[in-house]
Amino acid sequence: MIRLALLLCLMVLALFIASLAVGPTGIGAGEGLAALVAGGDGPVPLIMREIRLPRALLGVMIGASLGLAGAALQGYLRNPLAEPGLIGVSGAAALGAVLALQTGLAATFALGLPLAALAGAGAGVILILLLAGPRGGSITLILAGIALSALAAALTSLVLNLSPNPYAASEIVFWMMGSLADRSMTHVWLALPFMAAGWVALATLGRGLDALTLGEDAAEAMGVRLTRLRLILVLGTAAVVGAATAVAGAIGFVGLVVPHLLRPLVGAQPSRLLWASAMGGAAMVLAADLAVRLVLPERDLKLGVLTAIVGAPLFLHLIYKTRAEMP
Amino acid sequence: MWGFVRRFRVITLGVALAVAGASAMADPAPARVVSINLCTDQLAMLLAAPGQLISVSDLAADPESSAMAEEARAFPVNHARAEEVYLLRPDLVLAGRYTARATVAVLRRVGLTVAEFDTANSLSDTRDRIAQMATLLGREAEGAALIARFDADLAALQATPGDAPRAALYHPNGYTLGAGTLADDILRVGGFANVAADLGRRGGGTLPLETLVMADPDLLISATPLPGASRSEEVLVHPALEDLRAGHAALRITSPDWICGTPHLLGAVERLVEVRHSLSEVGQ
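Residue numbers (this note's numbering), protein chains in the order written: chain A, 1 to 327; chain B, 1 to 284.
Hints in this document: simulated from the structure, not taken from any laboratory. These figures come from a predicted structure and were not determined experimentally. Do not take every clue at face value.
[Unchecked claim] If you want the footprint, here are the derived chain B segments under chain A, 3+ residues with CB under 8 Å:
id	region
1	126-136
2	162-175
3	202-208
[To be verified] Have a look at the derived ranges for each label pair, beta carbon to beta carbon:
id	chain 1	residue 1	chain 2	residue 2	range
4	A	Pro264	B	Arg252	50 to 60 Å
5	A	Gly137	B	Glu83	23 to 33 Å
6	A	Glu298	B	Arg252	20 to 30 Å
7	A	Ser170	B	Ala31	49 to 59 Å
8	B	Arg73	A	Ala110	37 to 47 Å
9	B	Pro50	A	Asn161	47 to 57 Å
10	A	Leu13	B	Glu242	47 to 57 Å
11	A	Ala110	B	Glu71	38 to 48 Å
12	A	Pro297	B	Glu116	26 to 36 Å
13	B	Asp125	A	Ser170	23 to 33 Å
14	B	Arg202	A	Leu155	32 to 42 Å
Beta carbons are placed, not taken as given, at the ideal position from N, Cα and C, and that holds for glycine.
Bound conformation, chain A alone:
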């Protein structure tokens, strides 16, 4: 277990440094890192501190958030298909964020944007839990997710199409697919408090989720208060997914792929899967963001495109397996 933690740690660290070293201007890795730490005059420290650092930090924060939220939702629903992007939670968060931006709430009140996204994500999680609670099957969960995703996407498009700003309508793809391009430290500070609170909340769920693997009755017999667990799950997921979506759009499949790959390595224990998925998610988003910049640097390729290319085949595989298990 310690070996896995160390390995994931090293992976995240290496990808973080690579993320700082890659950019359109050929700043040498050593020169760039020295400028990042030591500062100084000229454009290099400015580029490192104001452009590349926030991008790398957001990659870690958003990846960890999505991985953690995916692992927690899957643990609670005992369903490997639960993922914030697929079940519409990210989409609902994007709708909240777009509403805050277009109504001017985000401009008048600094925390308006993340709070609105959080409210959207929270409403999404609650809807999904109501529609496909712990006793609902995979099919119910996926159907509920499809409906919520479609509704959130349609309303987001509607709000952006109604905007007086001619650029707004062209941003539909950003809100659906996500991107870390040209984010700043402002976005890091905006998202960090909500994410940190959500991480702490979700991390406390480990013991309860472990007990839940034995069934709800057994978990309650072991002293797990299910209503409290559900409340923390909703709030924690809403906080991390809401904050991530508010600054980088909806990035799908991270919470699906990462827990799936790591589950066998942690002995299928939900409490261990939580921290492992957080680190694995950070690595995946950093790697996807690196690929975006290396493969088509001129095109502002969206992050969600890459995560979907990796994640969708896996999703199909999981559905196929689920189908095989059903009578």
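Following the hints, put chain B in place on chain A, whose structure we already have.
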């Protein structure tokens, strides 16, 4: 090389005018003209006889895009949709070469005459477009007068001599305009070198914020924010860009004067000449 190109252009323009002139003699000037493109809207408003132009596109009346929004209010607007254009029973439809392609195709199928205008990519293209519009509308004399006035006004705008400071155009989504664009030519005539063109960019495209900061331009020209919120415009207030603005001259522009090849682009040139002048005064 350039001398040759220019001469060649003049010759082709001459041939085009001769051919168009011959056909204009055969057909009377169109009596009902509808324009469905922002740039042809403005050229037509400048040149058409009273009553000849019966509709312009909705963009022509939008002050965020059009340099002639005020004048456009006198005309009924269309939205470049085939059905409404057809119902106006035009003799001639004016369209851009690259916009509303589907509309143009349908209008031609139902037998309307559609004249397409190429995008003006330089000040000399602008003169050609004015001549093209004048010929189509049967207003050659007005066209020649407008070109003469354009030339005289341009000659009066002399940029401060000396080394050209380096200017960068930076629009929402990090969009910039490189060599071979109208904006590039406007910058050159206004006495500035275009950073994007120096970086080897041709045409329009995005410039990474990092590359812009590294290029360290003397003048940063960016669009004025539009009403309503958009993520595309967020990059214009990025802390790294604010740092750049703090160290150098910055100019906020509204785009109408920069978009179309019409005499209104001289307004943009005039602003640049003023900024260039004040920069060299600071330099001294």
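Tested hints:
no.: 1; hint: 126-136; result: violated (count 0)
no.: 2; hint: 162-175; result: holds (count 3)
no.: 3; hint: 202-208; result: holds (count 3)
no.: 4; hint: A:Pro264 / B:Arg252: 50 to 60 Å; result: holds, 57 Å
no.: 5; hint: A:Gly137 / B:Glu83: 23 to 33 Å; result: violated, 50 Å
no.: 6; hint: A:Glu298 / B:Arg252: 20 to 30 Å; result: holds, 26 Å
no.: 7; hint: A:Ser170 / B:Ala31: 49 to 59 Å; result: violated, 39 Å
no.: 8; hint: B:Arg73 / A:Ala110: 37 to 47 Å; result: holds, 40 Å
no.: 9; hint: B:Pro50 / A:Asn161: 47 to 57 Å; result: violated, 38 Å
no.: 10; hint: A:Leu13 / B:Glu242: 47 to 57 Å; result: violated, 31 Å
no.: 11; hint: A:Ala110 / B:Glu71: 38 to 48 Å; result: holds, 42 Å
no.: 12; hint: A:Pro297 / B:Glu116: 26 to 36 Å; result: holds, 35 Å
no.: 13; hint: B:Asp125 / A:Ser170: 23 to 33 Å; result: holds, 27 Å
no.: 14; hint: B:Arg202 / A:Leu155: 32 to 42 Å; result: holds, 40 Å
In this structure, the hints that do not hold are numbers 1, 5, 7, 9, 10, in rising order.
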